[in-house]
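Student: Our numbering applies: residue 1 is where the sequence shown begins, and numbers increase by one.
Some hints here could point you the wrong way.
[Claimed, not checked] Subject to a maximum C-alpha distance of 30 Å in a straight line, what follows is the list of computed DSS-like cross-link-like pairs (lysine-lysine):
hint, residue 1, residue 2
1, LYS6, LYS55
2, LYS6, LYS53
3, LYS58, LYS6
[Said to hold, decoys possible] Ranges between beta-carbon positions, derived for each pair:
hint, residue 1, residue 2, range
4, ALA83, ASP49, 42 to 52 Å
5, PHE43, GLU79, 49 to 59 Å
6, GLN39, ARG59, 33 to 43 Å
7, GLN40, ALA77, 52 to 62 Å
8, THR54, ALA81, 34 to 44 Å
9, GLN39, TYR4, 30 to 40 Å
10, LEU86, LYS55, 42 to 52 Å
11, LEU70, PHE43, 12 to 22 Å
12, ARG59, ASN31, 31 to 41 Å
Bear in mind the hints are in silico, worked out from the structure with no lab data behind them.
Even glycine gets a Cβ: it sits at the ideal position worked out from N, Cα and C.
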Amino acid sequence: MLTYLKSRLRRSPIREDQMLRRSDSRDGVKNVQFVSFLQQSGFRKRALDRHDKTKRFKRAVALLAIWSFLLACGWIAYESAEALELF
């Protein structure tokens, strides 16, 4: 169950642009001026910010789900120990 939740929450609906995140100088970009224009005009800047926010939110939800599951397991163990102590 936890593995399923982790895999579902890690998938991103927006993929990064390969051309905009190239760092190696040996990789040839066919139209450097066009890529420069896109970066200066803020192309997909908002979508990437939204992607980062969504990613952080999903991580927070996953951590909250895991901690609540662990707390519930601890509570069940504590109550079971108390019930066994009565008998």
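Student: May I ask which of the numbered hints given earlier this structure violates, with the numbers listed in increasing order?
Tutor: Of the numbered hints, 6, 11 do not hold.
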